[in-house]
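Asks: Chains as they are written, first to last, in this note's numbering: chain A, 1 to 117; chain B, 1001 to 1117.
Hints are supplied without guarantee of correctness; some may be wrong.
[Claimed, not checked] Stretches of chain A that chain B covers, calculated by requiring three or more beta carbons in the stretch to come under 8 Å of a beta carbon on chain B:
1. 10–20
2. 106–117
[Stated by the list, open to error] From the structure, some residues in chain B lie toward chain A, with a derived Cβ separation under 8 Å:
3. S1043
4. S1089
5. F1091
6. A1110
Source of the hints: derived by calculation from the structure; they are not laboratory data. Backbone N, C-alpha and C fix where the C-beta goes; we use that ideal spot for every residue, glycine too.
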Amino acid sequence: AQKITQTQPGMFVQEKEAVTLDCTYDTSDPSYGLFWYKQPSSGEMIFLIYQGSYDQQNATEGRYSLNFQKARKSANLVISASQLGDSAMYFCAMREGRSYNTDKLIFGTGTRLQVFP
Amino acid sequence: GAVVSQHPSWVICKSGTSVKIECRSLDFQATTMFWYRQFPKQSLMLMATSNEGSKATYEQGVEKDKFLINHASLTLSTLTVTSAHPEDSSFYICSASGGKPGANVLTFGAGSRLTVL
Chain A
1 AQKITQTQPG
11 MFVQEKEAVT
21 LDCTYDTSDP
31 SYGLFWYKQP
41 SSGEMIFLIY
51 QGSYDQQNAT
61 EGRYSLNFQK
71 ARKSANLVIS
81 ASQLGDSAMY
91 FCAMREGRSY
101 NTDKLIFGTG
111 TRLQVFP
Chain B
1001 GAVVSQHPSW
1011 VICKSGTSVK
1021 IECRSLDFQA
1031 TTMFWYRQFP
1041 KQSLMLMATS
1051 NEGSKATYEQ
1061 GVEKDKFLIN
1071 HASLTLSTLT
1081 VTSAHPEDSS
1091 FYICSASGGK
1101 PGANVLTFGA
1111 GSRLTVL
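Produce the entire structure from the sequences given, and follow the hints as far as they go.
Replies: Dropping the structure here:
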C-alpha cells in the first residue's frame, strides 16, 4: 500500500493567489513526521516545512503552512501569495518513528506546480 | 550552516565502467547518510542507509554489489556504481542527518546526474 499519496500530478495557480497541494499518508506508528520539499529544475531538494504527529498546532513557515488533519491522515501544503519562483515539483514525505538519525524518509510521487502571471 | 556537497553534479560514462559519487557534509558531522535514486519525472526512492564505520543497509531490490556504499568518515559517504549500464542512468541524491542538533530536517545534496552511454 502507498505510504504517501499525492493525487495531483500537476497544478496551476495564478501569481499572488493561494494554492493547496494535497498529501495523504498511511501509517500505524503513532509517532511520525511529515515533510514538504520543493525540487526546482536544478534538482536540489529544498526543505519547506515539517509537522510532527504530536504537534498540536499546524506548522507555518512564512508563506507555507501545513493543513494537518490527523484523523483524515492528510497533510496538505498551502502556499499563499504564489510567486513565479514557486514553480517546481513539490514532494510530501513521511518519517516513521522519532529519530531522524535512524529513520528514512518515504516520498510521495510529487506535484508539479506551475505559477503563471 | 548544514551544507551537504555532492560531486560530481553530472557525469557521463561508457557502459561497463564504474562511477563514484561523493557526498560530503561540509560543516557538520553526519553519522547517517541516505542515498536516493530518482528517475525522470518520478519520486525519490531510498536505495540505502549509510552509517559511519559500518556496512550500509540496503533497501529491498537494491543490488549491494552493484551500488557500493562506503561511509569511512563522519563527513564523507561514497556511492560507487559498478559496471554501469544505461539502465543505471538516473539522478542520485544523498542526504545527511546531524546537521542541526535537535532538528528534524535532513539536509540534501544537490544531486548527481549519471548518464551511461
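Asks: Determine for every hint whether it applies to the structure shown.
Replies: Results of checking the hints against the structure:
{"no.": "1", "hint": "10–20", "verdict": "violated (count 0)"}
{"no.": "2", "hint": "106–117", "verdict": "holds (count 5)"}
{"no.": "3", "hint": "S1043", "verdict": "holds (5 Å)"}
{"no.": "4", "hint": "S1089", "verdict": "violated (14 Å)"}
{"no.": "5", "hint": "F1091", "verdict": "holds (6 Å)"}
{"no.": "6", "hint": "A1110", "verdict": "holds (4 Å)"}
Hint check: violations occur at hints 1 and 4; the rest are consistent with the structure.
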